[in-house]
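Okay, here's what each chain looks like letter by letter:
2 protein chains.
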Amino acid sequence: MSAPPVPPALGRVTLIGAGLIGSSIARAVRATGAADEVCLHDADAQVRARARALDLGTVHDDAAQAAERADAVILCVPMGAIGAAAAACAPALRAGAILTDVGSVKAGAAEAMLAHAPPGVHVIPGHPIAGTELSGPDAGFADLFRDRWMILTPQEGAGTEYHAATARLEAFWTRLGARVEVMDAAHHDRVLAITSHLPHLIAFNIVATAADLETVTESEVVKYSAGGFRDFTRIAASDPVMWRDVFLTNREAVLEMLGRFSEDLAALQRAIRWGDGEALHALFSRARHVRREVIEAGQDSAVPNFGRDTSSR
Amino acid sequence: MSAPPVPPALGRVTLIGAGLIGSSIARAVRATGAADEVCLHDADAQVRARARALDLGTVHDDAAQAAERADAVILCVPMGAIGAAAAACAPALRAGAILTDVGSVKAGAAEAMLAHAPPGVHVIPGHPIAGTELSGPDAGFADLFRDRWMILTPQEGAGTEYHAATARLEAFWTRLGARVEVMDAAHHDRVLAITSHLPHLIAFNIVATAADLETVTESEVVKYSAGGFRDFTRIAASDPVMWRDVFLTNREAVLEMLGRFSEDLAALQRAIRWGDGEALHALFSRARHVRREVIEAGQDSAVPNFGRDTSSR
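Sequence lines, in order, name chains S and C. Take 4 as the starting number for the first sequence in the numbering used here and just add one per residue. Take 4 as the starting number for the second sequence in the numbering used here and just add one per residue.
In isolation and in its complexed conformation, chain S is listed as follows:
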């Protein structure tokens, strides 16, 4: 006797944007049965053609058409395009529908969606902490969200219906394999500023610094990158439009974290200049401890060198 099938968490889900995240949601819905039906729209005709070829769902040339009769519309576009995507869907959104997103900055996403959502539509911003350095519909895969965190930042002071809608969205993401957390939008934006936005900014920056040197050629940098530099190039390969928008919309939190980082770096620079080995050793030892915590929390693999060597061992 097999268990009775679990009913879908949502009826029709509409995805606006079929890049890495949108196409992964489409694949994950098919793999898990988390929704009855997937409709898609992408502003780029080539991406729509790819989405049709990959059979990701019912692809519409018009955003409002894609959003018709949707229980939830998920905006899977860069931060700077959320307002326009919400406006395009707005005429088709019915009362009781969920309008959500997957953007990296939650205060900005809430503002952009609330500016266009018709009355009775439940705006519930969301952010899956999942991704790779690749972009586009071909980069997605069904397991992208499995065992990854999904942060929802619902509005405060909303009523019973809104809470019920939040519970449905939570059930949907849980079905995709994610672990859902609820958080205040402003706090989310500070947490992500340090765990994601600042690391990306620094990676972009060091790659540019290295490419601009006169005394060391770019081909030497590439050739000897196995010493550490190559790890930075990976996250610096992420979508430039997405990241431009993140820094423009989470400006204050990023500048705050960047200020701290620069202050700490100046102290480290001073320790190097004055040959303060004790200070260097103390700081480097602390960093090792944080790595252990990341491994223990299941947030990274303990395989040395990201398993790059295992193929030949």
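Simulated from the structure, these hints should not be mistaken for lab results. If you're wondering where the values come from, they're calculated on a predicted model, not measured in any experiment. Some hints here could point you the wrong way.
Pairs involving identical chains hold if they fit within one copy or between any two copies, as the list cannot separate such chains.
[Unchecked claim] Lysine to any residue pairs mimicking SDA-like chemistry, simulated, CA-CA at most 20 Å apart:
#1 226 <-> 306
#2 226 <-> 279
#3 226 <-> 311
#4 226 <-> 159
#5 226 <-> 155
#6 226 <-> 186
#7 226 <-> 216
#8 226 <-> 272
#9 226 <-> 292
#10 226 <-> 190
#11 226 <-> 296
#12 226 <-> 14
#13 226 <-> 273
#14 226 <-> 10
Fit chain C to the supplied structure of chain S, relying on the hints for placement.
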């Protein structure tokens, strides 16, 4: 008919230090037959006991004893210990023997070895661009150097015998699977300052910055580290003593690269503060291009997310 066996590149090789690199050389020699015999010494009695248990070679409690009748002594110790290790081996070194190392700073390593090498001993500094974030004799493996660069920085103006010794050392590393390059020591130290030392310094720094925040807890940083931060914790997990010594001995080149990096970061900070999206996009797009070069040069895997997701795909 099988091919005749290739003769070993060296007779007796002595390794001073049996950590990640020393123990990997010992294993690689056994796997490839690059030398007739491996002798080892480590200043730490516990490491010597592990080296015996792992059967890495003939383990000696005394460095000079280990170095007796060696064709090449390879110092596999942190930069700050090279001088003492060279001094300890010196009485046993015979004329014509090679004295080399695997340290990350070549001008400093040359100076430390030359200060103690008896006349007739060939000092040939070397640096394999290979490693993982793990340390100790158990972390080593025979394929660590396969298809990785090995940089030798021989002294200028030396005679025929020295050139012959350099050729023997080159043949030895080639047998271990490495691709050998010859370079000027000062140039090596600048190249590595940008490809390895600065990336490590920045990784150590951001991990410390994150751990010190009041508005975001350390457990939140760990929990949401999949957004980018976790990649930095990997290289920040490397041996603190080794890295302290690198920054103390390659001070000038590191400070120069750090100055460039901070200057570029200040420009980026200004672009964020003033909302200059065009400048951000232009810089982020360039970084993507460098990543492509790293992949094409075979210096990293093109598998997204370092293949972390492949196990579940």
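(request) Could you tell me which of the hints above the structure violates, numbers in ascending order? (result) Numbers 2, 4, 8, 12, 13, 14 - these are the hints that the structure violates, sorted from lowest upward.
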